[in-house]
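Asker: Chain residues, written in single-letter form:
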Amino acid sequence: MPAVSKGDGMRGLAVFISDIRNCKSKEAEIKRINKELANIRSKFKGDKALDGYSKKKYVCKLLFIFLLGHDIDFGHMEAVNLLSSNKYTEKQIGYLFISVLVNSNSELIRLINNAIKNDLSSRNPTFMCLALHCIANVGSREMAEAFAGEIPRILVAGDTMDSVKQSAALCLLRLYKTSPDLVLMGEWTSRVVHLLNDQHMGVVTAAISLITCLSQKNPDEFKTCVSLAVSRLSRIVSSASTDLQDYTYYFVPAPWLSCKLLRLLQCYPPPEDGAVKGRLVECLETILNKAQEPPKSKKVQHSNAKNAILFEAISLIIHYDSEPNLLVRACNQLGQFLQHRETNLRYLALESMCTLASSEFSHEAVKTHIETVINALKTERDVSVRQRAADLLYAMCDRSNAKQIVAEMLSYLETADYSIREEMVLKVAILAEKYAVDYSWYVDTILNLIRIAGDYVSEEVWYRVIQIVINRDDVQGYAAKTVFEALQAPACHENMVKVGGYILGEFGNLIAGDPRSSPLVQFNLLHSKFHLCSVPTRALLLSAYIKFINLFPETKSTIQEVLRSDSQIRNSDVELQQRAVEYLKLSSIASTDVLATVLEEMPPFPERESSILAKLKKKKGPGAVSVNELEEGKREGGELNGGGGERGGDNSTIAASNASTPSPSADLLGLRTGPQVSAAPPSAGSLLVDVFSEAGVNDDGFLRDLEPPTESSDSLLAEGPGDSDSAPPSAVSEDAAPPLPESNELLNKFVCKNNGVLFENQLLQIGIKSEYRQNLGRMYLFYGNKTSVQFVTFTTTVSCPGELQSQLNVQAKPVEPLIEGGAQVQQVINIECLGDFCEAPLLNIKFRYGGALQNLSLKLPVTINKFFQPTEMASHDFFQRWKQLSQPQQEAQKIFKASHAMDTEVIKAKLLGLGMALLENVDPNPENFVCAGVIQTKAQQVGSLLRLEPNAQAQMYRLTLRSSKDTVSKRLCELLAEQF
Amino acid sequence: MIKAILIFNNHGKPRLSKFYEHYTEDTEQQIIRETFHLVSKRDENVCNFLEGGLLIGGSDNKLIYRHYATLYFVFCVDSSESELGILDLIQVFVETLDKCFENVCELDLIFHMDKVHNILAEMVMGGMVLETNMSEIITQAEAQSKMEKSEICAFLSLCRPLSFSVPDRTGRRRPGLLELQHAPYRPSRT
Numbered sequence: 001m002p003a004v005s006k007g008d009g010m011r012g013l014a015v016f017i018s019d020i021r022n023c024k025s026k027e028a029e030i031k032r033i034n035k036e037l038a039n040i041r042s043k044f045k046g047d048k049a050l051d052g053y054s055k056k057k058y059v060c061k062l063l064f065i066f067l068l069g070h071d072i073d074f075g076h077m078e079a080v081n082l083l084s085s086n087k088y089t090e091k092q093i094g095y096l097f098i099s100v101l102v103n104s105n106s107e108l109i110r111l112i113n114n115a116i117k118n119d120l121s122s123r124n125p126t127f128m129c130l131a132l133h134c135i136a137n138v139g140s141r142e143m144a145e146a147f148a149g150e151i152p153r154i155l156v157a158g159d160t161m162d163s164v165k166q167s168a169a170l171c172l173l174r175l176y177k178t179s180p181d182l183v184l185m186g187e188w189t190s191r192v193v194h195l196l197n198d199q200h201m202g203v204v205t206a207a208i209s210l211i212t213c214l215s216q217k218n219p220d221e222f223k224t225c226v227s228l229a230v231s232r233l234s235r236i237v238s239s240a241s242t243d244l245q246d247y248t249y250y251f252v253p254a255p256w257l258s259c260k261l262l263r264l265l266q267c268y269p270p271p272e273d274g275a276v277k278g279r280l281v282e283c284l285e286t287i288l289n290k291a292q293e294p295p296k297s298k299k300v301q302h303s304n305a306k307n308a309i310l311f312e313a314i315s316l317i318i319h320y321d322s323e324p325n326l327l328v329r330a331c332n333q334l335g336q337f338l339q340h341r342e343t344n345l346r347y348l349a350l351e352s353m354c355t356l357a358s359s360e361f362s363h364e365a366v367k368t369h370i371e372t373v374i375n376a377l378k379t380e381r382d383v384s385v386r387q388r389a390a391d392l393l394y395a396m397c398d399r400s401n402a403k404q405i406v407a408e409m410l411s412y413l414e415t416a417d418y419s420i421r422e423e424m425v426l427k428v429a430i431l432a433e434k435y436a437v438d439y440s441w442y443v444d445t446i447l448n449l450i451r452i453a454g455d456y457v458s459e460e461v462w463y464r465v466i467q468i469v470i471n472r473d474d475v476q477g478y479a480a481k482t483v484f485e486a487l488q489a490p491a492c493h494e495n496m497v498k499v500g501g502y503i504l505g506e507f508g509n510l511i512a513g514d515p516r517s518s519p520l521v522q523f524n525l526l527h528s529k530f531h532l533c534s535v536p537t538r539a540l541l542l543s544a545y546i547k548f549i550n551l552f553p554e555t556k557s558t559i560q561e562v563l564r565s566d567s568q569i570r571n572s573d574v575e576l577q578q579r580a581v582e583y584l585k586l587s588s589i590a591s592t593d594v595l596a597t598v599l600e601e602m603p604p605f606p607e608r609e610s611s612i613l614a615k616l617k618k619k620k621g622p623g624a625v626s627v628n629e630l631e632e633g634k635r636e637g638g639e640l641n642g643g644g645g646e647r648g649g650d651n652s653t654i655a656a657s658n659a660s661t662p663s664p665s666a667d668l669l670g671l672r673t674g675p676q677v678s679a680a681p682p683s684a685g686s687l688l689v690d691v692f693s694e695a696g697v698n699d700d701g702f703l704r705d706l707e708p709p710t711e712s713s714d715s716l717l718a719e720g721p722g723d724s725d726s727a728p729p730s731a732v733s734e735d736a737a738p739p740l741p742e743s744n745e746l747l748n749k750f751v752c753k754n755n756g757v758l759f760e761n762q763l764l765q766i767g768i769k770s771e772y773r774q775n776l777g778r779m780y781l782f783y784g785n786k787t788s789v790q791f792v793t794f795t796t797t798v799s800c801p802g803e804l805q806s807q808l809n810v811q812a813k814p815v816e817p818l819i820e821g822g823a824q825v826q827q828v829i830n831i832e833c834l835g836d837f838c839e840a841p842l843l844n845i846k847f848r849y850g851g852a853l854q855n856l857s858l859k860l861p862v863t864i865n866k867f868f869q870p871t872e873m874a875s876h877d878f879f880q881r882w883k884q885l886s887q888p889q890q891e892a893q894k895i896f897k898a899s900h901a902m903d904t905e906v907i908k909a910k911l912l913g914l915g916m917a918l919l920e921n922v923d924p925n926p927e928n929f930v931c932a933g934v935i936q937t938k939a940q941q942v943g944s945l946l947r948l949e950p951n952a953q954a955q956m957y958r959l960t961l962r963s964s965k966d967t968v969s970k971r972l973c974e975l976l977a978e979q980f
Numbered sequence: 001m002i003k004a005i006l007i008f009n010n011h012g013k014p015r016l017s018k019f020y021e022h023y024t025e026d027t028e029q030q031i032i033r034e035t036f037h038l039v040s041k042r043d044e045n046v047c048n049f050l051e052g053g054l055l056i057g058g059s060d061n062k063l064i065y066r067h068y069a070t071l072y073f074v075f076c077v078d079s080s081e082s083e084l085g086i087l088d089l090i091q092v093f094v095e096t097l098d099k100c101f102e103n104v105c106e107l108d109l110i111f112h113m114d115k116v117h118n119i120l121a122e123m124v125m126g127g128m129v130l131e132t133n134m135s136e137i138i139t140q141a142e143a144q145s146k147m148e149k150s151e152i153c154a155f156l157s158l159c160r161p162l163s164f165s166v167p168d169r170t171g172r173r174r175p176g177l178l179e180l181q182h183a184p185y186r187p188s189r190t
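As given, the protein sequences belong to chains E and V, one line each in that order.
Position 605 (the first sequence) corresponds to 605 in full-length UniProt numbering; numbering is contiguous.
Position 113 (the second sequence) corresponds to 113 in full-length UniProt numbering; numbering is contiguous.
If a hint is listed, it holds; no wrong ones were tucked in.
Okay, the calculated beta carbon distance ranges per label pair:
#	chain 1	residue 1	chain 2	residue 2	range
1	V	E21	E	V581	55 to 63 Å
2	E	R110	V	M147	22 to 30 Å
3	V	G12	E	S567	48 to 56 Å
4	E	G158	V	R33	42 to 50 Å
5	E	D246	V	M147	18 to 26 Å
6	E	D159	V	G12	43 to 51 Å
7	V	M147	E	N289	41 to 49 Å
8	V	S150	E	D220	47 to 55 Å
9	E	R381	V	R33	20 to 28 Å
10	E	G149	V	M147	28 to 36 Å
Hints are computed from structural coordinates only; laboratory data are not their basis.
In this text, a Cβ means the ideal position worked out from N, Cα and C, and glycines have one as well.
Please construct the entire structure, taking both the sequences and the accompanying hints into account.
Answerer: In structure tokens form, the structure reads like this:
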């Protein structure tokens, strides 16, 4: 007799379902459903009390409608009413409705809880089970509050029926998952663990899920479960139990329970007790042996069940990672499965082998299957399986087989499924970098990657190749040659153009000797791609062009022509237009020296975790990339990049950690504008993302320094002076050394420039980079340890002597007290100009080098002209203002002898560096220079005009300054007189 | 943990959906559609496991499915479950349905949704496996059925004669799910 007879249903329900099934269109179906909903609503609302049968029928109809995807917004109350019926059928349908339709936030929970409470205390096992099911299905906090105390009692009570115990165990588990704080196991722990010994296998099946979850959370309290689980497993595996009759599934004893026992054991390390361990090893060996026995049935269910246990056993062996003998056997077994005709087994074998590959005992054994795995990648019909094969190749890759694996993965990429391409690309990029012994191979691989799967090459990948090329001198020429060749292809991917643009812009000179890749050929090649590219790429190419002007002066006129064309200089995209304008201007006004400095080769990048690895981790979620792998990646990465400075953790010290750079000034010029760096979100610690992302849409890295600071830097500067954690400005420690005699001279070096080396002796080099906006400034000091010994107790103090204290507000951020040999640390100093000033703040530096205290003081190159805002004006205006400032004290004049060659371009550059606007065609004498600007202080603005009259014959200058404030004129005159 | 159990036919019409984690009704429907989309485009005889759709947790979850005649049985599980174990569980579920409904077919699931839910509840509770022993499950289902019958007979005998059978539009004997398990997939309009 069938367990469910088909003739006892509800006629109305059957008719309704048939109607729906006969509907010819979606509209007809919706119409029929709406009619039924209206009918049910009226029945529920009607005066006539519905009997239990009708209620059940209507609730069933609602369930059906819900399954079809329609919202049900009524009937909940009727369902709750059914709960208190004493008829099983009605109660059951009520619970069914609630478990499908009521979520944990429902307001009905209180009513439902009442009904549940009654059923739990009814001592009717069927009703109790229904109630427990309902709790487990809804699992709300209110339910946990109401029943978390009661259910453990039901679970362990001696007189509870087995079926109720099973339900109680899983119900408790559900409550523990939703509200762990409410489920207090304390006194029940040992009795719950002993459920593993229960006579009834169903109880064990249910209880083991509960115990596994509790063990994961409280391993110590539950560790007695290990020996119980081992003995239970041993009884099942050796078929010693007699209670297995009904739990034998296609000739396999209790497969589900065996799997769960093996899973539970994976929560713990190998048992310490020798006897327990021996018994477990015996079990595992038996399971491995059984796999070799002929099957007891040809049915797939038999082999499934048997292999389910086998795979769990192998997982446990891998988890223990301590029995070389078992590991090798496991590996061999998986090797057999790799060639099995069952797809499922091949899939699982590939998956298990991935974890096996990370064990030192079995890594070599896994590697022997490389050909099979490569074959799987090529021939499997199922993408799920191919993906596992790719994962395994990635896991088994090491130095010995990297070239083969990377080549296979690359060739697979050409035909790979879209769904896994991006991940494959990341993996190839990581392996290529991790195991690159030969950098030309690395460059080839990545360029191939871009060629084959350009669309899937994320930014991190091409950032990384550039980073590595920049950091490795020996590969730069090869990289330039290779990208040049790759760009010859008639259609190449935009990512290739980006890499090409960047690399040729930096290292195009290395291949320029060959007439086939002469500068103009290179430029024309790049420019032939220009019009097909997106805006960010074009922006990058423009930067490459300006770099070309520096690398190859002979291309200057061609490139200027391009920059000057309407499509650039009037481009509707602001970024492109701005670049074109600025680069054009830069190339026409800056001297070759200035150009060479500004457009210097990028400094090496500091060492960081590979951004690609971070990306893969993010993609796969934590745990997908093991910690070992990460550390290894870091180590290998370090090697790859020539082991630059070691401290790369801090986002804001991008170039600061580069000890291998000979001169910090090169560093500094390579640096991007500082405030933007610190404003960038601290994302994943991946270098390239940090370095490039701040540029927003223009994701190339160079020349940002030329561009005006953005709004964000403004706000950062503004908040600087408010910082409370920095030392008060006047806190000069008593024992600070007097300023060095040469410090005035050093100061003068920085009147017309913001970046460079401030100071250098045998021990220490201090680089400086600063920027000013309005009355605010920010200065970055880079302290480089030139020795191989660390500096300890490194402290710096910035002070404003005398009245400077009321004129300047200087806040120095704390600096790291330890500088490793060869390392560099960075300090940020925020400056606010309150009023005009003449003196410079003092910087005192103290540290111990090999026990000896070093103490030196310098003047910080903060001068009044740093707060200039240039003012453009016409000749007429200039002379009008000039006349307005005609009081004697407003003018300061000096006549002095030229101390440098009187080169017009150099003078212009210096005057621009001063911060004023250099006004053309103002002075009737074209030999003379006039400038105008406004000094911004917090208290006031001071307009200033300048006139410089060189006399080439006498090698003399006459410098005249007029400004609304006498002290300013005087100070500016003093400062400038030293510059020419 | 089992996150969801879905049964739908070859055309994607849901025949049973049971979620053990809370989603909004809309999301549930989307998950069913997404899962159908993922599973239905796969060939026969490829492996029975694949990564879950984005809505149900992406690659942290696996879809383990079996295709019987006109129906797909899909279990969405997290990494704590054994894939082959779940495959066996699906088989136990279908065999149990087959015993309870005598040669079960899609129509039985449509017209006896409540009973299918009850049988499932005997096997899986709150996303964890309660019982894997088929005879135990069937015993429970029989006991419920008996109770049901006694209650309904008592009630119906007062109203109308008990004669009802599942309407079958073709009139032919319906092939059961298990019979068709190895038959080649033939698209047919239901």
